[in-house]
Structure formats: C-alpha cells, structure tokens
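There are 2 protein chains.
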Amino acid sequence: MSGNLGECEFVIEDGLGQIEMLDAEIGAWTYVDHAGARGRARQLDQSAERGPLYGMSVGVKDIIDVAGMPTTYGSDIYAGNIATQDAACVALARAAGAVIIGKTSTTELAGPHPAKTRNPQNPEHTPGGSSSGSAAAVAAGMVRIAMGTQTAGSVIRPAAYCGVVGFKPTFGLVPRNGVKLQSDTLDTVGVFARTVDDAAHWYTAMIGARASPLPLIGKGALRILLVSNLMERAEVDMSVAIAEGAEALTAAGLRVREVRLPEAFDVAQLDQRIIQLAEMSRLYASEHRHFRDQLSDELVALLDEGAAIPADKYQAALARTDAARKQVALLFADCDAMLMPSATGAAPKGLSSTGDPVFNRLASTLHLPAVNIPVYRSKKRMPLGLQLVGARLQDEKLLAIAKRVIELLRNNTHD
Amino acid sequence: MSGNLGECEFVIEDGLGQIEMLDAEIGAWTYVDHAGARGRARQLDQSAERGPLYGMSVGVKDIIDVAGMPTTYGSDIYAGNIATQDAACVALARAAGAVIIGKTSTTELAGPHPAKTRNPQNPEHTPGGSSSGSAAAVAAGMVRIAMGTQTAGSVIRPAAYCGVVGFKPTFGLVPRNGVKLQSDTLDTVGVFARTVDDAAHWYTAMIGARASPLPLIGKGALRILLVSNLMERAEVDMSVAIAEGAEALTAAGLRVREVRLPEAFDVAQLDQRIIQLAEMSRLYASEHRHFRDQLSDELVALLDEGAAIPADKYQAALARTDAARKQVALLFADCDAMLMPSATGAAPKGLSSTGDPVFNRLASTLHLPAVNIPVYRSKKRMPLGLQLVGARLQDEKLLAIAKRVIELLRNNTHD
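Residue numbers (our numbering), protein chains in the order written: chain A, 1 to 415; chain B, 1 to 415.
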C-alpha cells in the first residue's frame, strides 16, 4: 500500500494529504513545509536513531520559531519575518526524531482576536484559542502532535473544544527560548495529542529524559478531589458530564471527594487575570508602543487595561498567588489529582470568540500540570472536556492518572 | 560650552566622545548607533514628555534585541543577525525617555567564554561577566545606565569588579521578550548604574510605574543579617571589607547580626548550578544540537554536562529550591536585608575567566533582589563590592536601604 515509501515517509505523506484535503476549510496552518517534511522523513527512514518522537509529525504554534519558516504571531506586524533559529522546544523535538510539518494558526499575539481556524468537529464552532491551529490540526488528523502555549487556558480549552488530549506541564519545565512570551510568570509550552502516551513522549523529549513508559500508579485507590468552585459557571451539559465522570470513577474504585477549595483559590483565579494583563502590557511593550495602529481593537483594549494596572496592585496579586501556590501543595498531600471542567461547556458556536478560560486560570496561575480528558460529548455531539490537575513537578504521575481515567471513562460511556 | 546643542544632545555627545576615546582599549561595545542616538536626543530636547529615564543614555547587553541593531549573543553563529523588534525592556526604556546607544559585549551566549572587554579600573583585569560590556560601559562613563542579565552572578559580580551599582530585581518583574534565555527559572534582567537613584529610575520604567522617589525607610533601626555562609571562600581583602562595613553600619545605629543560614541554603546554592546547567542545555538546544562546532570548548563542556543531568536530579533540585524559597521568606520577617560579599574579592587579573559567582548564586536561585554596594577597594585599589539582598517583591525597599548604606559607608571611609 505504501509503494516505495519508507515508514516515516508514508506517515508524513498521509498527514500532508489530510492537510491538502481539509485545510482550506479548517485553516489550521499558516505555513506547511512539504519539502522539508518529506526530506526529514526520508532521512529518518534511513537512520538507526530512535528518539521518543521518532517519525512523529509535529505542528508548531506560530508564536514559536522554526528555523527558516515565517513566524508571524498572528499579526500583520510580523509579515515577512523569517526565524533564523529553532526555538529550544523545536530543537528538542527534532533531536527526539520529530518531523516538523509547519506552523499552526494562532490568535493575534496569542490574545483575544481569533485566528482563521475552524473547529474540525463542526466548522461553525470556534476551535478555542489561542493555540487554535494546533488543536485543530491534531483533531483533523493532520499531525500526530502539535505544540501550543497556555497563559490562561490556551492549551486545555482548545483541546477540550476540539476533542483531543491537551497537556500543559508544570510551569517552567519546557524551555521557552524562541517562544514569544505574553506573561513571563505564567506562559507554559504544552502539547495537543490524540493519546496520553503521545503527550508523554513529547514531555520526555522536552525535559531531555530518555524514553520510558509512564510510571505505574500505586496500588492504593487514586484519590481525586472534585472541585466545586466555579461550577455555577458550567453549562448543564458540562455539569452532567462532570457528575457522570465522578460517578464512573467512583464505581471503578477511585476515591472521589467533592470539595470547595478555600477562598484564596477563588482570589488566585481572579488574580491570574491581573497578572496576565499587567505582564502582557509590558512583554508586548514594543508592539503596544510602536505598532498600536496595526493591532486589533480587542488587543489594544487589553494592553491599555494592563498598562493601567498600578504596580502595587500587580505585585499584591503576585504575593497572594505565591501564598496560594504554597497552600495548594498541602492539598496534594491528600489527593492525587483534582477534577474540574476544561471549559464552561462545548465549543461555542461562531468564530468571533475563542471561549471562556475561567476553568483554566487556576492551574495556570498555580503552575500546576493539567490534562484535558476528551471522553464526553454534549447533547449536540460536540466534545466536552474534563480537566485533571496534578501537583507541581508530578507531571508523569498526572499523565499516568489521565491515561487510566480515560480508559475507565471510555469503558463506561455508551458513545 | 555646549554650543547649539540641546541638553539631551549634549549629554549624549559626551558619552559618545567617551566611547570614541576609550573603547578601543575597553571593548565594551559590539555596536554603537551614533546617528540613532543623536536623532533621539534631538527629538527628546524638543519634546515636553519627561519619563523616568528622560535623556538617559542606555547600553544594552548583546543578548537583548534592539530593533535594527545586530544581536550576536557573543557568538559567530549569529553573525549578520539583525533584530526586527525591540525587546520588551528596551521598548519600556524608550517609552520612559531613554536614548539607546547600542549593544554591549557579552560573553559567548552569556556563558563562561569571555568577551573582549577589559575592566576600566585596570585593563589587565577581567570586568566580570557575562554582562561584561554593560558593567564596563557604565564604569567608564560611556553611558548613564546599561542593562544586563543574571542567571548566577552576571550583574552583581561585574558591577562589583568594575565598581558601579548593580541591581538585579526580584525574578519575574522585568519582562523578557527579546531576551535570550539561558535558564528560564533564574534569568533576570538587571541594570548597571553609577547611583542607586538611577537604578531605581530604571526599575520604575521596567515595572511600568510612574516616576516616584524611593520610599522612606521606617523609623526603627534597619535590621541587617550578616551572612557568614561561604565566607571561607572570600579573600582576605573582602573579609576585611565586610567586617569594616558591618562595623560602620552598627556604629551608625543599624542592627547588624551575624548569622549562619541553615544548611538548606547551602544546598540551594549548589542546586542553583544544577538548575542552571540543566535548563541551559535545553534552552540552548538549537545551538548545542545544530551548531556545536561553532561553540567554544568551555561552553560545549557545560552544555554536555547539563544535558547529562538526569531529569529526576534536576527536578529534585527544583523541589528543594522551592522549599528554600519558602524558608527564606521567614528569615525576612526578622530582617530588612542580608549583607554578604558580591564576589570572592576584587576582579582577578587576566581576561581568561570572568570570576567566581559563588556569592551570587543564592540571591539568584531564591529569586531575591540584590544590589552591589561599590564603596570599598582592595589593597591594590581595585573595587570590592558588598552585596545587599532583599525580600522578594521588596525591590524599592531594598534600593532605599542600599542608598542609605552607601551614604553611611562613604561617610565612613577614608578613600
């Protein structure tokens, strides 16, 4: 069936074919390097090296540099800008055997102004953002994995909307050279994948570890905290999915306990927005000060709002968040993971907004790893994502739990 | 005397003249934008805006982008690379009224391989590194302030060696877009200046605050912890300077108490190197993997060492450091600042090494603000820097303390 193609080449051709067929409608890509991808696949087919991402096709959010490809950050300001160097995460992916396919659409400077991308599950719905193209490209079968970034909810939410696994690691573990920062203290490079194992392979490559299977989870029953904070913001479909998931996990022997986290975490969630906007206005100082006329009205409004946040208000938010980070570590003494929605519901209809990150801010601001669990669907058959949040630096444990939870919930659904 | 020159223009011409006269020997600069600096000065002379850096000449370490100028990172790999956008800290400095003079020499990729720069205090001695040119440019009177970065000790140590004020803020406050990262969890943009007030003006611009005088320090006696850890690494001249400083501050009414910090802080100091090397090997993945032959042997050795650090060893160092960061916050409940050397002694003779950052690692890894106090000199008349370290997010308080301490010590010395 593959004719004279090698194994890697065959896989890459398959993905390129999918892009050819679907991307005019989906708009997941800003740049596809057909020749480079094919050449790399042929090279890998002839090589004996087998890294953790061997032969895997990878899409890269267009705020992350790939040498020789345009980086446009979803903004006309950067028309014609060609990266001279790979971002560190891209170089690590290549070194692990990946095939870089190209650049995926991002909202303007990873902000609120949408990308051209449509949701492969239903093109009338948003794919979420800001890592819109990365989520859509994986959901549409165009690439095996894709990299994105999360400041508030830009990995977990689009993963939920598009129905794929999304993984945002512990803050700080994935190197950010060559990644445009929006919030220095929050931005985390994450990944979209169809399986938790693929996300784990990517993580292994990013932290420079050797390929190894996910850890076995201990013999005792997994302890899951079902977080009730903010549930008034969830749509009915999502509340049903969370309840159904909690019930199924309990039936499977996990110890699921519903809790309302202390008020400090509600404050931390609100502080996340203050921190993000204050830092964004400074990290985007060049665009804000020198290229204001070329920015969308939505982004300018946020940058102006961020620049107007007094320094003491920002620093008070940082100090409170420091305290909340210490406090959450204590919660994980009694639980293995927290369970909450990945979004308020399924992907909203329309392309003018990428949706609400309210359920994503907490893991982002507490620097905790999070995974989207793509099992359930809404009444209208759109994906509904559940979110598992783990303890800081316990990324592999969280991935192992996510894998088990997906297996348990899939066995339990009638979808 | 200034002929037809405006005030800003006059100041800028003066600095450019100093560069013209001295830089062939000092080697502080990799690029000087004479025309741009003059044009900007004329523009400021005609403007009514008065930001906190109004008319100040600024040098920028050559790992930080300035639009239209080369960024070479002290490495041939980047020959011909021109930045298309200002780094965020540069855009903020411009918006505050600064005149960007050009790019200052850095060690290769801010690593161990020295820059061409010589110490203006004595050209046979190292200026320190990695922000070698920034320290030297300020010390030689070429610019009013200069920006650098610190991962272990690359701001405080060269400031000490060159005899200028150096200020490394709390980690995370100065935006890092357009700054090449060496360690994502440690790198902090800092500043070299001749006065604490100038450093404070720069800080004001970086955090997007309005210009305001330094806070008044409380009425009670300042409480200073004199840190005895590592003092066996200090040279005799430095031990004498520290003792003399502590005595003078006590005589002036400050409460100086000598302490040995708990062992966790000795471990944190050692962990800093593990974290730095592990992160550097990943952040420089592109250079390490794609351009190994163009790197110095010293840097390759460190990158290889970093890449060989097992992920669990790195993460254990991070976790211990987390705990030390929490623990140090408690120490600051009982003190206003810590006092320790900025370096083991005065700048070593020779240009093959930029000196030892052993006294700088602690403030770097604990994310604390630090200031070099340039008051004392060695027997051979080279600067000996004392270091004040403040509590996280108490940057303005630390600057106010540093200003007072410099005044007190200057009144007390016979230099």
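Some hints could be false.
It does not matter which identical chain is used: a pair holds within one copy or between any two.
What the hints assert, rightly or not - Keeping only pairs whose Cα atoms sit at most 20 Å apart, straight-line, the calculated SDA-like set for lysine to any residue is:
#1 K397 to R320
#2 K326 to T185
#3 K349 to R381
#4 K326 to G172
#5 K326 to A307
#6 K313 to L214
#7 K379 to Q121
#8 K326 to A264
#9 K380 to A35
#10 K326 to G36
#11 K380 to G6
#12 K326 to A35
#13 K403 to R377
#14 K403 to A246
#15 K397 to A316
#16 K397 to P310
No wet-lab data here; the hints were simulated from the structure.
>> When the structure is checked against the list of hints, which entries are broken? Sort them ascending.
In response: Those not satisfied are hints 5, 9, 10, 11, 12.
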